[in-house]
Each structure stands twice: as C-alpha cells, then as structure tokens.
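Engineer: Here's the letter readout for the chains.
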Amino acid sequence: MNEQLTYLIQNLDQNEYSYESEVISNHSIDWRKNFNGNASIVIFPKSVDKLVNVIKKCNEKKISVIPQGGNTSLVGGSVPLENSKMLQIIINFKKLNKIINLDPNSFSIQIESGCILEDIQHFLSKKNFYFPLSIGSRGNCQIGGNISSHAGGTNVIKYGTLRSNILGLEAVMADGSFFSSMKNVRKDNTGYDLKQLLIGSEGTLGLITAANIRVFPKPLETRVVFGTFSNIEDLLNFYSKIRINYHDLLTSFELVNSEAMELVIQKNNKKRILKKNNFYCLIELSNFTHNVDFFGKIEDFFFESLEDSEDFIFSKSYEENKQLWDYRELIPIAETKLEFCINHDISIPLDKISSFIKKTEKEISLIDKCFRIINFGHIGDNNLHYNIFSTDDKKNEKLKQKQSVINKIIFENVSNHGGSFSAEHGVGQLRIDELKRYKTSFEVEQMRKIKKIFDPNNILNPNKLFKN
Amino acid sequence: MKALVCVKRVIDYNVKIRVKADKTGVETENVKMSMNPFDEIAVEEAVKMKEKGILNEIVVLSIGSESSQETIRSGLAMGGDRGILVKTTSDLEPLNVAKVISKIVEKEKPEIIIMGKQAIDDDSNQTGQMLAQICNLSQATFASKVEKNGEKFDVTREIDGGLETISVELPCIITTDLRLNEPRYASLPNIMKAKQKKIEQIDVGSFGLNLESRLEIIEVNDPPERKPGIMVQDVEELIGKLKSEAKVLS
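Chains A and B are the protein sequences, given in the same order.
Under the working numbering, the first residue of the first sequence carries the number 1, and numbering increases by one thereafter.
Under the working numbering, the first residue of the second sequence carries the number 1001, and numbering increases by one thereafter.
Some hints here could point you the wrong way.
What the hints assert, rightly or not - List of simulated lysine to aspartate or glutamate pairs, EDC-like, C-alpha gap at most 16 Å:
#1 B:K1032 x A:E319
#2 A:K467 x A:D433
#3 B:K1016 x A:D119
#4 A:K126 x B:D1222
#5 A:K127 x B:E1029
#6 A:K46 x A:E16
#7 A:K127 x B:E1027
#8 A:K297 x B:E1070
#9 A:K95 x A:D13
#10 B:K1109 x B:E1057
#11 B:K1193 x A:D393
#12 A:K126 x B:E1070
#13 A:K275 x A:E310
#14 B:K1193 x A:E363
#15 A:K126 x B:E1029
#16 B:K1193 x A:E310
#17 B:K1050 x B:D1081
#18 B:K1032 x A:D293
#19 B:K1193 x A:E233
#20 A:K322 x B:E1151
#21 B:K1195 x A:E304
#22 A:K322 x B:E1029
#23 B:K1087 x B:D1012
#24 B:K1195 x A:E319
#25 B:K1032 x A:D13
#26 B:K1198 x B:E1057
#27 B:K1016 x A:E221
#28 A:K218 x B:E1029
As the list claims (entries may be wrong) - Some chain B residues close to chain A (C-beta under 10 Å, calculated; not the full set):
#29 R1018
#30 V1019
#31 N1030
#32 M1035
#33 R1073
#34 A1077
#35 N1181
#36 E1182
#37 S1187
#38 K1195
Bear in mind the hints are in silico, worked out from the structure with no lab data behind them.
These numbers come from a predicted model, not from an experiment.
C-beta atoms are modelled at their ideal positions from N, C-alpha and C, and glycine is treated no differently.
Produce the complete structure using the sequences and hints provided.
Structural biologist: Pasting the structure below:
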C-alpha cells in the first residue's frame, strides 16, 4: 500500500476503512451512473476524533477528501473526480450515525451526520414528532449529505427550507479544527453565522459531523388529493386558492405532467386512475387541529372552488395516500428505465411558470417533435424537474448530440424568467459551467475567496461547485 | 336485489400500533382510523354487482360510536345507497356483533350480506360464520371470485392448498378475501353525493339483546422484539453459534 495511505490509517480500527477495489468502486460511482471517479481508499470514521486525525494528515499531505453520505447526489457531488492529479480518498459517514438527543420541549433533535433520513423520520414518528425534510432518496441518503447539499423535497412548502430549520452544526474543517455551534436556541444574532455557509457548500468548506434540527408535531391525520387540469394556469390559480385558505395545513403541492404520468403507467405498470389530461396535481393536506369534520370542510371547499371536480379523488386511508404518492415518487425510477434522458432541476417564480413552460416546450419541439418533456416537481416551492426524453428510441443519439443546445435553451429561459438553474440538487460536477455563467462574477469571486479562507490547500471536495 | 354490507372502523392499516401503558389495549386516541380493508373489498364487490344490474340497493351498516359514520360515508362515497349506524360505546365481541347484525337482517331482509372475512384489529374471522348460523343463511367465506349463476351465486374460495368453488343459494352471506377485487378511489363528486345520503341511527339498546361479553382481555403486549443480526468472522464461529444459540445443529 501507498506510504501516504499507511500514514492516514495509522490510528484507525480495521473496520474503519477499506481499500478493496469492489468497495472503492461502489463508492466512486454516482446514483445516475454518470460520474465514475478514482479513489484510493474509503474511510468510515467511527468518531469525530478519528476524523480529525485523518483530515489533519490529509491537509498536511495535500490529499483530496471527498465527503460522502448515502451517495445519492444527482450532480456528481459525492463521488471522486475521474482525472485528479491528487490522491483522492472518500470519507463516508455511515458509522457516525447516532441520534444524540431529542428535546421534546424545545422541539429539536441532535443527530450525527451519518443518520439515514428515513431512520430519523421513523424515530421521531414513534414519539409523535415530524421531521421537516422528506425526499425520494430518504431510505439511503444521510442527513449530513442533505445539509451539505441543502436538500429540498416535498415538505418545504409547509416547513420551510432545511436552512431555516437548522439550529446548530458541528463540522471538521480543512485544517482539522473542530467547529461547534450547537446552541439549542432559535435566536442568535452574534455576527456572521458560519453554519449557514456550510449548509449547501457541498463539502467544499468543512465536513459536517452533527446537527441540531427543529422538529414539528406529527399531524393527526394526512390526506392526499389527486386531480387533473387541462392547463397550467388553472392549476396554479387553484394552488393560490388553497394556499390562501389553508396556508400551512397544505403540506405538499406537487405537479405531474402528462408525459410523466404516462411514463409511470408504462414503465412501472401502474393503473390509470384518472382520465388522461395535460397536468395532474397531488395535494397533501394535514390536520394538526382537533376540529370536527376537518377534511369534510376541505372536501366542500374543493368542490366549490373547482369548475370540474369529476377527476379529483380523495384518499380514504393511509394505504391510498401511499398508492397516490407512488404516481409522483415513481417518476425518477421510471426515468431510469428510459434509454436516455436529460435532467434539469430548476426553479421559476410562480407567476412566470406558465410562460416558461410554454416558451421552452415550443423551442424544444422545434428541434425535434419526438423530444418531449417530463415535467414534475414541487410546484408549491416553484421547483420543477424538467427532463427531456425522446418518444422514439432511434432518436436518442440525436438527443445526446443536442444536449448542450437543449441545456442552453432551458437555462437561458430559466435565467430570463428570474429562476435558478439548480433548485435543490446542487452544483457538484454537473452544473459547474452554469454556475459560472448564471451567477454574477461578483458572487463567483466572493465564493472563491471564501473557499480560500476555509480551505487554503484545496483538499475538501476540490473541483466541485467551481474549478479551483 | 338488496345487499347489506358491513363495515368496521379500525386503526388504519399503515399506522404503527402502540400498546397502552397499562396493557389493557392499544392506543386509539389521535390515531388515524379507516375502514377495515377487507370490508372495503366487500363494498367494492357490492358496487360492482350494482353496476352489473344484479343489485338495486346497497345498505352500508356499521356498529360503533358516532365516529363510525365517517366509515359509513366512505362506503357511500364508493357507491353505497344509504347507511345504518348501530350506536354503541362498548367493544362488542364477534358473537354479539353477529347478534346485532341479525336484527338488521330481520329488519332489512337483504338477499345478500357481504362483509370482510375478518377485521384487521382483532383478526377474529368469526362474525360472518356466526351470523349465518343465527339467521340460518347459506355462507360462502374467503371469497376470491363471486359470480351470479341463475338464482344462485358461484363463489370461489381461497382454501388451504388451492381454490374451491361452491354454489350458494339466496339469501346468503359472503365474506371477502384480499384477492376478490381492488377497491376504487372515491371521486370528489361521489364524496359530495355521499354527504346527502341518509344514515339511519339506531341505539344498540333498542334491540333488547343480551350483549354481555364472554371474552375477557387479560393483557395486551407488544410482540417480542426481533434481535438484530450479527456478523460472524468465520465458518467455525457460524457453526458454533448455530449449535449454541440457534440450536439448529447439535
């Protein structure tokens, strides 16, 4: 083994690292299998002290550190680079996975960064609490990765972004120093808030080891409504109406377009339960009150507000909630069964969504009529997953060739409509060019300066976000 | 032809059940309640029969507290015509449930009674059979397929090791198994229509039945927790554990 690696693992137990090629390659390829990097070793530190020890040595020897949670990044943020001149090691957090403390009075939970999101959700559910983050990869992703990439998901509409729910953080910085700010308080106006810089920094400024996060009371009952609209304007108007009337009892408002629905029906063998239409919406409402006939009143409201309520169904049980959510959550799985698909995760201000969709759809169909858009996402948070595929498999080569043209159309339109080129997936390796193009040069310059301050030797997830 | 469909309000299938601290039962406060999934299948089957023209009325019956009206409404939203709620605050055991239903059968005289083969809360699987005895009706339990054949029903039953098809004369009781059908979703217009449908309320006391419980719940406990798996270092350790702990080798 390489001398440097022997030095790195000196203080580690045998089950805290692996340099078996199979283990390394499993940890070096991303979920969508678009990025396949090279690492020399995977380290699974069991304690912060062990991690500090390793990072100090990496800083000394200028070894690249790739922090990794559940490795579910959609932008190649959690895997090593393909061609790196530096030695690359992966730090996987799965063994730093303790739930430290639930404070039922302050409504907060302290957790280590390797905790799997779904485990946290189940732990809290048993105690009648609710975690304000839920995303499709919840069974694999780790909270540390969620924080580093500032994951969004289906609950932002009700509980706000993860950033707004993080009360405290702990992290190991590039020089091995330990940053701890775990105060269990909501208000703390004492100068620059460093933890906010770490949130969404994609592991380029520090390695998050623990967090203190707000939790919420579990809803007494949750029901799902699934319905269709023939045009996006009516759907958006209806969203505003519900929002005004039910405010934060609305826990999700998701969009599924016709192509996305057909894909799920075909690729995942799902039954058609609503008449074919251009747009579908999945609405989740939660009851936190003890009001009598809470959902009865909501049914009345829906019936009165909708011009055509024929194609709206209300779940009767949690089993039906799950079945209905499937039509939304299986879309990414169905997409993986396509030969080729170009993915985008964008956000557009609500009042511009309709104009964006119409303009972009037209421009893409001009390239080829077979190029269609799978559009779904958290429309309540202005967040759209906007993915292009070909209805004719023979045209996949053409689609591949046109990828950069298509990206340009989409990102230019996003920018012109005042949106963001990456809403919740982050930048990683995939969106480096877009960051340079669509953020102001001032912003990029300041980001570089910040990176220099925190990581002067550029060892933490180098060449992610921007080329160093 | 008239059908009586019996539905029970139970803790939702997807809710993690918690035993009360004093072990007298399970926690039901602030817990999501839904229609017993087997009964949902019973409602669906009746609605299908009505769509085929076999039935012209579906009466949805539940026994329980005021809240059971919600469960009846679910059945009406799926396509039931009217409801009956027999009000009681006590937890009735299967024989008593069967006695109460028999009184409704006397009153309504349905040609066919459909209900879930069991409720997922107590898993008794007794009410349908007991009702058949009390009312002296033919019974077809564990139905996975129901077809009208002249004046009779051909019912395929799920039995140990296969399927059995029997023919039952009317009036009859059919208890439903999971594979019989897939219950429909309730559309908003149907939910709204259900709100206008009549639910008759009858006090359980008005039947003059002796509903004393013969069963006594002594204690309710969680199932024993499953021990986590362990990793063994080598074959020898595995064989050792299989001998000493699992006791599957000697």
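Engineer: With reference to the structure, classify each hint as holding or not holding.
Structural biologist: Quick rundown of the hints versus the structure:
1. B:K1032 x A:E319: holds (11 Å)
2. A:K467 x A:D433: At roughly 9 Å apart (the allowed maximum being 16 Å), D433 (chain A) and K467 (chain A) satisfy the hint.
3. B:K1016 x A:D119: holds (15 Å)
4. A:K126 x B:D1222: Holds: K126 (chain A) and D1222 (chain B) sit about 14 Å apart, inside 16 Å.
5. A:K127 x B:E1029: Holds, because 14 Å separates the two Cα atoms, which is no more than 16 Å.
6. A:K46 x A:E16: The given pair, whose Cα atoms are some 7 Å apart, holds under the 16 Å limit.
7. A:K127 x B:E1027: Holds, at roughly 13 Å.
8. A:K297 x B:E1070: holds (13 Å)
9. A:K95 x A:D13: holds (12 Å)
10. B:K1109 x B:E1057: Within the cut-off at roughly 12 Å; holds.
11. B:K1193 x A:D393: violated (46 Å)
12. A:K126 x B:E1070: violated (26 Å)
13. A:K275 x A:E310: holds (9 Å)
14. B:K1193 x A:E363: violated (45 Å)
15. A:K126 x B:E1029: holds (14 Å)
16. B:K1193 x A:E310: holds (12 Å)
17. B:K1050 x B:D1081: holds (10 Å)
18. B:K1032 x A:D293: Holds, because 13 Å separates the two Cα atoms, which is no more than 16 Å.
19. B:K1193 x A:E233: violated (28 Å)
20. A:K322 x B:E1151: The hint is violated at about 40 Å.
21. B:K1195 x A:E304: With a Cα-Cα distance of about 14 Å, the restraint between K1195 (chain B) and E304 (chain A) holds, given a limit of 16 Å.
22. A:K322 x B:E1029: Violated - the C-alpha atoms of E1029 (chain B) and K322 (chain A) are around 22 Å apart, more than 16 Å.
23. B:K1087 x B:D1012: violated (21 Å)
24. B:K1195 x A:E319: violated (23 Å)
25. B:K1032 x A:D13: Answer violated: K1032 (chain B) to D13 (chain A) is near 47 Å, above 16 Å.
26. B:K1198 x B:E1057: holds (13 Å)
27. B:K1016 x A:E221: holds (14 Å)
28. A:K218 x B:E1029: Roughly 14 Å between the alpha carbons, so the hint for K218 (chain A) and E1029 (chain B) holds.
29. R1018: With a closest approach of 8 Å, the R1018 (chain B) hint holds.
30. V1019: violated (13 Å)
31. N1030: holds (5 Å)
32. M1035: The hint holds - M1035 (chain B) has a Cβ within 10 Å of chain A, the shortest such distance being about 7 Å.
33. R1073: Holds, because the Cβ-Cβ distance from R1073 (chain B) to chain A comes to roughly 9 Å (cut-off 10 Å).
34. A1077: holds (8 Å)
35. N1181: Check failed: Cβ of N1181 (chain B) comes no nearer than 13 Å to chain A, outside 10 Å.
36. E1182: With Cβ-Cβ at 8 Å, under 10 Å, it holds.
37. S1187: S1187 (chain B) check passes; min Cβ-Cβ to chain A is 5 Å, inside 10 Å.
38. K1195: Hint on K1195 (chain B): holds, closest Cβ of chain A at ~8 Å, below 10 Å.
Comparing the model with each numbered hint stated earlier shows that hints 11, 12, 14, 19, 20, 22, 23, 24, 25, 30 and 35 do not hold.
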